[in-house]
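Use the sequences and the hints to build the structure in full.
Protein chains in written order, with full-length UniProt numbering: chain A, 1 to 243; chain B, 1 to 243; chain C, 1 to 243; chain D, 1 to 243.
These are computed hints drawn from the structure, not numbers from a lab.
All values derive from a computational prediction rather than experimental measurement.
Errors might be hidden in some of the hints.
No more than 20 Å apart at the CA atoms, straight line, and that leaves these computed lysine to any residue pairs for SDA-like [as the list claims (entries may be wrong)]:
id	chain 1	residue 1	chain 2	residue 2
1	B	234	A	54
2	C	65	D	54
3	B	232	A	59
4	C	65	D	240
5	C	75	D	74
6	C	75	D	46
7	D	75	C	234
8	C	65	D	239
9	C	232	D	57
10	B	75	B	85
11	A	75	B	43
12	B	232	A	57
13	A	232	B	57
14	C	234	D	54
15	B	65	A	243
16	A	65	B	240
17	D	232	C	59
18	C	75	D	232
19	C	65	D	243
20	A	65	B	234
21	C	234	D	57
22	D	234	C	68
23	D	75	C	232
24	B	65	B	112
25	A	234	B	232
Protein chains: 4
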Amino acid sequence: MGSVKVLGVNGSPRKYGNTFKMLWLALRGADDLGAETRLIHLYDYHLEPCMACYSDNLYECHFPKACPLYERGDKFRELAEAVLWADAIVFATPVYWFMASGKLKTFIDRLTALENMIYHTGRSLLDGKVAGVIAAGEEAGAANALSWMLLTLNMMGFHVPAWGAAYYHGRGDVLENEQATLDAYNVGVAVVRLVKALRGEHAGSEPWYRLDVRERVADLVEELRKIAEEEKEKARETRPWLL
Amino acid sequence: MGSVKVLGVNGSPRKYGNTFKMLWLALRGADDLGAETRLIHLYDYHLEPCMACYSDNLYECHFPKACPLYERGDKFRELAEAVLWADAIVFATPVYWFMASGKLKTFIDRLTALENMIYHTGRSLLDGKVAGVIAAGEEAGAANALSWMLLTLNMMGFHVPAWGAAYYHGRGDVLENEQATLDAYNVGVAVVRLVKALRGEHAGSEPWYRLDVRERVADLVEELRKIAEEEKEKARETRPWLL
Amino acid sequence: MGSVKVLGVNGSPRKYGNTFKMLWLALRGADDLGAETRLIHLYDYHLEPCMACYSDNLYECHFPKACPLYERGDKFRELAEAVLWADAIVFATPVYWFMASGKLKTFIDRLTALENMIYHTGRSLLDGKVAGVIAAGEEAGAANALSWMLLTLNMMGFHVPAWGAAYYHGRGDVLENEQATLDAYNVGVAVVRLVKALRGEHAGSEPWYRLDVRERVADLVEELRKIAEEEKEKARETRPWLL
Amino acid sequence: MGSVKVLGVNGSPRKYGNTFKMLWLALRGADDLGAETRLIHLYDYHLEPCMACYSDNLYECHFPKACPLYERGDKFRELAEAVLWADAIVFATPVYWFMASGKLKTFIDRLTALENMIYHTGRSLLDGKVAGVIAAGEEAGAANALSWMLLTLNMMGFHVPAWGAAYYHGRGDVLENEQATLDAYNVGVAVVRLVKALRGEHAGSEPWYRLDVRERVADLVEELRKIAEEEKEKARETRPWLL
Numbered sequence: 001m002g003s004v005k006v007l008g009v010n011g012s013p014r015k016y017g018n019t020f021k022m023l024w025l026a027l028r029g030a031d032d033l034g035a036e037t038r039l040i041h042l043y044d045y046h047l048e049p050c051m052a053c054y055s056d057n058l059y060e061c062h063f064p065k066a067c068p069l070y071e072r073g074d075k076f077r078e079l080a081e082a083v084l085w086a087d088a089i090v091f092a093t094p095v096y097w098f099m100a101s102g103k104l105k106t107f108i109d110r111l112t113a114l115e116n117m118i119y120h121t122g123r124s125l126l127d128g129k130v131a132g133v134i135a136a137g138e139e140a141g142a143a144n145a146l147s148w149m150l151l152t153l154n155m156m157g158f159h160v161p162a163w164g165a166a167y168y169h170g171r172g173d174v175l176e177n178e179q180a181t182l183d184a185y186n187v188g189v190a191v192v193r194l195v196k197a198l199r200g201e202h203a204g205s206e207p208w209y210r211l212d213v214r215e216r217v218a219d220l221v222e223e224l225r226k227i228a229e230e231e232k233e234k235a236r237e238t239r240p241w242l243l
Numbered sequence: 001m002g003s004v005k006v007l008g009v010n011g012s013p014r015k016y017g018n019t020f021k022m023l024w025l026a027l028r029g030a031d032d033l034g035a036e037t038r039l040i041h042l043y044d045y046h047l048e049p050c051m052a053c054y055s056d057n058l059y060e061c062h063f064p065k066a067c068p069l070y071e072r073g074d075k076f077r078e079l080a081e082a083v084l085w086a087d088a089i090v091f092a093t094p095v096y097w098f099m100a101s102g103k104l105k106t107f108i109d110r111l112t113a114l115e116n117m118i119y120h121t122g123r124s125l126l127d128g129k130v131a132g133v134i135a136a137g138e139e140a141g142a143a144n145a146l147s148w149m150l151l152t153l154n155m156m157g158f159h160v161p162a163w164g165a166a167y168y169h170g171r172g173d174v175l176e177n178e179q180a181t182l183d184a185y186n187v188g189v190a191v192v193r194l195v196k197a198l199r200g201e202h203a204g205s206e207p208w209y210r211l212d213v214r215e216r217v218a219d220l221v222e223e224l225r226k227i228a229e230e231e232k233e234k235a236r237e238t239r240p241w242l243l
Numbered sequence: 001m002g003s004v005k006v007l008g009v010n011g012s013p014r015k016y017g018n019t020f021k022m023l024w025l026a027l028r029g030a031d032d033l034g035a036e037t038r039l040i041h042l043y044d045y046h047l048e049p050c051m052a053c054y055s056d057n058l059y060e061c062h063f064p065k066a067c068p069l070y071e072r073g074d075k076f077r078e079l080a081e082a083v084l085w086a087d088a089i090v091f092a093t094p095v096y097w098f099m100a101s102g103k104l105k106t107f108i109d110r111l112t113a114l115e116n117m118i119y120h121t122g123r124s125l126l127d128g129k130v131a132g133v134i135a136a137g138e139e140a141g142a143a144n145a146l147s148w149m150l151l152t153l154n155m156m157g158f159h160v161p162a163w164g165a166a167y168y169h170g171r172g173d174v175l176e177n178e179q180a181t182l183d184a185y186n187v188g189v190a191v192v193r194l195v196k197a198l199r200g201e202h203a204g205s206e207p208w209y210r211l212d213v214r215e216r217v218a219d220l221v222e223e224l225r226k227i228a229e230e231e232k233e234k235a236r237e238t239r240p241w242l243l
Numbered sequence: 001m002g003s004v005k006v007l008g009v010n011g012s013p014r015k016y017g018n019t020f021k022m023l024w025l026a027l028r029g030a031d032d033l034g035a036e037t038r039l040i041h042l043y044d045y046h047l048e049p050c051m052a053c054y055s056d057n058l059y060e061c062h063f064p065k066a067c068p069l070y071e072r073g074d075k076f077r078e079l080a081e082a083v084l085w086a087d088a089i090v091f092a093t094p095v096y097w098f099m100a101s102g103k104l105k106t107f108i109d110r111l112t113a114l115e116n117m118i119y120h121t122g123r124s125l126l127d128g129k130v131a132g133v134i135a136a137g138e139e140a141g142a143a144n145a146l147s148w149m150l151l152t153l154n155m156m157g158f159h160v161p162a163w164g165a166a167y168y169h170g171r172g173d174v175l176e177n178e179q180a181t182l183d184a185y186n187v188g189v190a191v192v193r194l195v196k197a198l199r200g201e202h203a204g205s206e207p208w209y210r211l212d213v214r215e216r217v218a219d220l221v222e223e224l225r226k227i228a229e230e231e232k233e234k235a236r237e238t239r240p241w242l243l
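Shown next, in the form of structure tokens:
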């Protein structure tokens with residue numbers, strides 16, 4: 001079977017903000033349990049909004065054949081490959097107006113093609129995968145974004161481990177918030193443990209909410225501070241308004 | 001002051017489905033009260049997802065100046081003109097995965113530029129407008145979409161009249177559902193009454209939930225049946241999978 | 001017509017916490033515009049959970065006749081009197097597990113009897129009233145509570161003024177948060193302005209989001225600090241675990 | 001270890017309605033996989049609303065010691081015993097005003113005492129259990145109720161299996177809806193499979209969304225029809241308005 005494969009999906013246009021930071025910590029949590037990880041920034045991929053072929057004709061929605069959107073430079077197929085590769089996926093979104101970003105919503109809408117294979121083959125292409133969810137923002141809405149993601153992913157075929165959700169709501173840098181960084185790290189740990197349990201490997205007998213990893217998380221936070229700074233510097237080129 | 005101006009925003013890619021039908025009925029409701037109406041199909045306008053300049057630098061988010069997205073063929077400015085023209089806006093969305101469509105979410109995210117003028121001039125460009133909301137879909141999620149839209153629009157500056165929300169959830173044609181067509185029509189009536197009240201004109205003393213308009217709605221439904229059929233035929237060209 | 005009557009409903013068991021404080025500020029905002037205000041603490045009233053007579057027989061749900069719950073020491077009728085007295089109601093809830101409190105949910109469920117009069121008389125007893133909503137809590141969920149309240153109240157017959165919603169999410173005392181105290185005060189101001197507009201009185205031409213009331217709010221905050229302290233002291237008798 | 005223990009919690013006041021029916025099917029699904037099941041009707045237990053001791057003093061919230069509410073005839077301890085007995089719990093709620101019932105919300109609020117043991121002992125009493133969720137109602141709100149339950153239970157320590165959520169929204173009898181009855185049955189099957197996987201037993205290699213159980217569900221529906229009719233007859237005594 002090999003190592004557990006965990007994909008991180010960043011739904012924020014920023015590669016150095018709180019959403020990215022929490023996702024990075026989750027992937028390091030997965031990595032600490034021996035998983036192979038990959039982080040994708042959704043904004044690197046042009047995505048057309050769903051055309052709702054399904055509403056006209058249920059069987060038109062198919063992966064990889066259908067989706068007339070591919071002709072418009074749409075990159076969904078590439079993202080889908082990463083989704084299919086993964087055993088577990090951690091979806092991270094900024095909170096825009098009390099909900100996930102429009103980019104992430106569009107991506108989730110497009111995942112219908114994978115879930116809809118249940119009508120073509122009897123099995124959703126997402127059946128049995130594991131999901132974790134993260135939301136970060138200044139204003140309210142983290143719970144709204146997380147709960148929406150959980151229900152949607154669960155109804156596409158994803159299992160969700162205990163404390164598979166984490167959020168940060170506040171003005172500042174999430175790295176200053178011990179609770180949020182711990183929660184984020186634990187999302188990555190939890191998804192890997194659940195994948196292992198589902199494979200018949202031992203899930204571990206520690207509590208599912210891990211309090212014994214504080215020092216590890218503190219070390220990772222230091223490493224992440226530098227990485228985020230570098231990403232921020234790189235970003236000045238395409239985001240000249242950055243203070 | 002002139003007639004009340006009502007904009008209808010269709011967040012569905014289909015111009016003949018339940019979302020469109022309910023929106024059309026709402027606009028006829030507004031028209032019956034003397035309003036001037038306009039219906040916009042969001043999918044006719046290319047929209048880039050929000051780049052979150054605001055998260056880097058609050059003052060970068062501005063209308064009409066900022067938004068580096070305009071360079072990419074983005075049409076937000078045109079949509080914004082329609083929004084600014086209107087006294088009231090009825091937002092209609094299909095229900096995709098328990099929420100509004102990604103297209104509508106992206107549009108709402110982009111409206112931040114108008115709301116953010118409060119930091120530039122002391123007043124949101126949406127301050128004092130009136131909103132109505134509609135959601136239609138087969139599966140669950142209408143309430144989730146409506147409640148999210150209501151909070152968001154309210155926090156951007158929109159007033160919401162009593163029964164300013166309507167939904168349809170079901171497999172079939174909304175035109176066969178008396179309750180839903182009545183609710184949709186009433187959304188349009190309500191937004192106009194509220195604009196008038198805010199202008200100092202008489203709002204009318206009838207209940208805000210109108211039961212006395214059933215015959216009128218039944219007539220409109222017959223007219224709409226033909227219109228939707230025509231739109232569906234026209235759509236076959238760009239949607240060849242239509243049954 | 002007399003002064004505008006505004007009822008504040010506190011859905012928290014504490015009469016000195018953030019929920020209460022924000023509600024108090026909202027009522028002072030209403031009072032500053034000449035309204036007559038009343039504040040009710042839901043927890044002072046025993047309320048049985050809804051028995052869903054409506055699901056068996058639509059016409060059984062009636063106010064004031066039905067509701068077999070009255071026999072159990074249930075106080076809904078008294079609360080309903082206050083609701084009917086009011087032109088506008090500000091509902092304030094603590095955030096418990098990402099939602100409004102069970103007490104407030106139960107109260108809202110029971111309001112069905114007033115809304116259901118539309119089937120008996122053609123008009124909901126709540127038709128045309130105005131609502132404001134407030135949510136306060138440490139953890140996430142304020143947006144979830146607010147959006148749920150907005151949709152529900154709107155579908156019972158309440159209009160909602162622009163920025164008729166306010167929240168606070170944080171560990172500390174809301175009185176230290178200028179934004180939240182300003183938002184809360186503005187909810188009270190907005191509901192009164194909207195009632196006046198609906199009566200045919202002038203709504204005022206200032207923006208609906210008031211930035212010019214900061215000093216006034218700061219003064220009220222000082223007054224409230226003492227009041228909350230007194231309420232907290234009084235509470236030690238029934239809440240001996242208070243630190 | 002013995003058989004998997006599954007508790008069903010009915011949050012509806014009716015023991016014969018759609019909520020009960022879907023829950024009964026879920027428990028039969030669990031039973032078909034060898035689980036021991038128990039069904040509890042929340043309305044049989046007097047429950048006081050949470051007093052938020054936690055907001056005054058984090059450590060006051062404790063199970064089984066604290067909760068001054070026990071003195072008022074409150075039955076939470078009995079319900080908690082059932083919760084602790086179970087490996088998996090299926091929570092079923094009617095949809096009242098776009099959300100779970102006030103009764104269920106109050107019960108969930110009270111579960112804080114079990115989750116809060118993490119501050120006393122380092123482990124939530126709910127850590128590692130498995131949850132399924134069901135919502136049934138005429139009007140919209142099923143998704144809202146389900147998503148709220150999923151996030152809340154997940155953040156208390158529950159894992160959620162793929163398709164661990166099911167709903168029915170419609171006017172009629174859920175037993176006439178093949179999809180909804182299948183979904184409900186599958187919730188019970190899924191929670192048992194996940195408990196087994198977490199114990200190190202084989203989870204089974206069939207898809208997590210089971211299409212091969214249609215005949216079994218059809219048989220159970222026939223059995224349930226009679227049971228529900230009997231429960232309805234019994235209920236006439238305490239619900240004389242039943243048509």
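Tested hints:
no. : hint          : verdict
1   : B/234 / A/54  : 18 Å, holds
2   : C/65 / D/54   : 39 Å, violated
3   : B/232 / A/59  : 19 Å, holds
4   : C/65 / D/240  : 15 Å, holds
5   : C/75 / D/74   : 18 Å, holds
6   : C/75 / D/46   : 16 Å, holds
7   : D/75 / C/234  : 28 Å, violated
8   : C/65 / D/239  : 16 Å, holds
9   : C/232 / D/57  : 13 Å, holds
10  : B/75 / B/85   : 16 Å, holds
11  : A/75 / B/43   : 19 Å, holds
12  : B/232 / A/57  : 13 Å, holds
13  : A/232 / B/57  : 13 Å, holds
14  : C/234 / D/54  : 18 Å, holds
15  : B/65 / A/243  : 18 Å, holds
16  : A/65 / B/240  : 15 Å, holds
17  : D/232 / C/59  : 19 Å, holds
18  : C/75 / D/232  : 28 Å, violated
19  : C/65 / D/243  : 18 Å, holds
20  : A/65 / B/234  : 25 Å, violated
21  : C/234 / D/57  : 17 Å, holds
22  : D/234 / C/68  : 18 Å, holds
23  : D/75 / C/232  : 28 Å, violated
24  : B/65 / B/112  : 13 Å, holds
25  : A/234 / B/232 : 48 Å, violated
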